[in-house]
Each structure stands twice: as C-alpha cells, then as structure tokens.
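I would like the entire structure built from these sequences, with the hints used as guidance.
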Amino acid sequence: MERKERRKKETDQSRLVDSSFNQHENLLMSLALGGYKMCRSLHSPAKSFPETVQLVGGPGRCKGRVEVKHKGQWGTVCKAGWNLSAAKVVCRQLGCGRAILTQRCCNKSTQGQGPIWLSEVSCSGKEVDLQDCPSGLWGKNNCTHDEDTWVECEDPFQLRLVGGESKCSGRLEVLHKGEWGTVCDDGWGEKEERVVCKQLGCGEPVFVSAKDRRRFGFGNGRIWLDDVHCSGQELSLEQCRHRFWGHHNCNHREDVAVDCLEHNPDLLGA
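Okay, so the sequence shown: first residue is 180 according to the numbering used here, each after it adds one.
In short, the hints are calculated from the structure, not lab data.
Incorrect hints may have been included.
Stated by the list, open to error - Cross-link-like lysine to aspartate or glutamate pairs, in silico, EDC-like; alpha carbons within 20 Å at most: (1) Lys-250 <-> Asp-311; (2) Lys-258 <-> Glu-326; (3) Lys-356 <-> Glu-326; (4) Lys-319 <-> Asp-334; (5) Lys-267 <-> Glu-417; (6) Lys-390 <-> Glu-433; (7) Lys-390 <-> Glu-333.
Written as structure tokens, this is what we have:
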C-alpha cells in the first residue's frame, strides 16, 4: 500500500513537471514567434518571403489581379468583403507604393482561371502578410472569376540626394510618375530628415542651414511634395503625411537638402 502511494505521488509530480515544462516551452515559442513577427513588421516592409501574393495581368508588378499561393498553387481572391485596407496590405507586402485603386476585376482576357482561394478577406491594414487577415475558408466560396479582385498600387517610392559628395548628402528629390522632383521645406525638420537618412541606409542627420543648402544647387523641375510631417519612426518618407502630389506654395529656393552621416551603426552591427 505504501509503495503504491509512493509511486502515485511520483507519477503526479512527474505530470506536474511535464505540464510546467510544456507551459514554459509554449511560452518561449510564443515569445519567439511574436518577436519574429515584430522583426518582420519593423524591418521588412517590402515583399515577405516566401512569396505568397502577387498582382498579375497588369502593366507591372504593382498593378493587377490579386493572387495568393496555397498548397503550392496560385489562385484568385474574390471581391466579396474586400476593402482598401486589404489593398494596403498587398501593396506594402509587395514593396510597392500606396494603394490607389481596388475594384472588381477586369475583362475575360485578364480574369483568373484557377482556383478561387479566398473570399471575405477582412484586414485592418496593419498586417504584414495578406494571409494574416481573417477570411473565409480556403477554397470555400460561391464566387466566380467575374468577381476576381484587382488592385493598383503606386510604383515603389524612391528618393535620392543630389548635388552632394555621396548618396547621403544633397538636395532631396522624390520620384513620381516617372519624373524626379523636389520637396518644399514647409514644416520640414529633424524628424523628416531622420526618415530620409534611414530610408537611404545612411547614418544620423546633420543640420543643414539655409545658407549651406546653396552648395547643393536648386532644382528646376517639379516640386512634388510640401508640408511633409513625420513622427521619425517611419521606414519610408511615403509613410509620412503630406499634401497631394504637386500641390504646394513654394519655389525652388525652398528645396529641402539633407546631410546624413555616411554610415548607419545599426546596419554595420547587423
């Protein structure tokens, strides 16, 4: 009797240890996955890997019919439930610019022909991957290819510093509709400079006085952006608030110039 009680006690203790270990292991796994998602969110705004979404049938990789990959096969997404927040996730995941159009797809020549994988996709707009958004069951819907989703994103946001001695110093120019143009200095400050330096992979910004700007020269084309306001945490200048493209009350003597340190310590230590 005493031996049975001792054995039962040892078994119960073993179960407690196993349970505690499993809970601890699950906690560590959750933290690891959470950390992984956080890293992806903070440092990988461009296309996620492996590739799980694409835009096809359009005039470039940033415009077209939405397709997702499931079980090794590409399929379309039904328009039912789709909204601009979902389009934003797709554009960000592909490393394109802002979502500018979302509508029912196309004509017969550009409709999908394979499976219709998703419908009722409901994104908050903050997801890293379209497949992180709540949706109906894979392949379970009443849609036809007449309801395939079409999304158009702006081309990837590009900027450069010109007139300086390196890519980290010069007059700020941004690319829009295939044309480079300048940025007006209304509202411009250190937070905005920090985002530019970060996006270019340079170091911290160095103050440039209005007098010192002259050494970079003034632009002579379009003034694309004005009243740009950043928090300093953005990964791209595109994520900052600004007026509509081309709307401003400036002249080229107000062109923004940015001077960054050459090297970003965070990148060197990566």
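How the hints compare with the structure:
For a cut-off of 20 Å, the pair hint linking Lys-250 to Asp-311 stands: about 16 Å separates their Cα positions. Simply put, Lys-258 and Glu-326 have alpha-carbon atoms about 5 Å apart, close enough for the 20 Å limit, and the pair holds. The straight-line distance between the Cα atoms of Lys-356 and Glu-326 is roughly 29 Å, outside the 20 Å bound, and the hint therefore fails. For the hint linking Lys-319 to Asp-334, the alpha-carbon distance of about 33 Å lies beyond 20 Å, and the restraint is violated.
The straight-line distance between the Cα atoms of Lys-267 and Glu-417 is roughly 13 Å, inside the 20 Å bound, and the hint therefore holds. Simply put, Lys-390 and Glu-433 have alpha-carbon atoms about 11 Å apart, close enough for the 20 Å limit, and the pair holds. With a C-alpha separation of about 35 Å, the suggested pair Lys-390 and Glu-333 falls outside the 20 Å cut-off, and the hint is violated.
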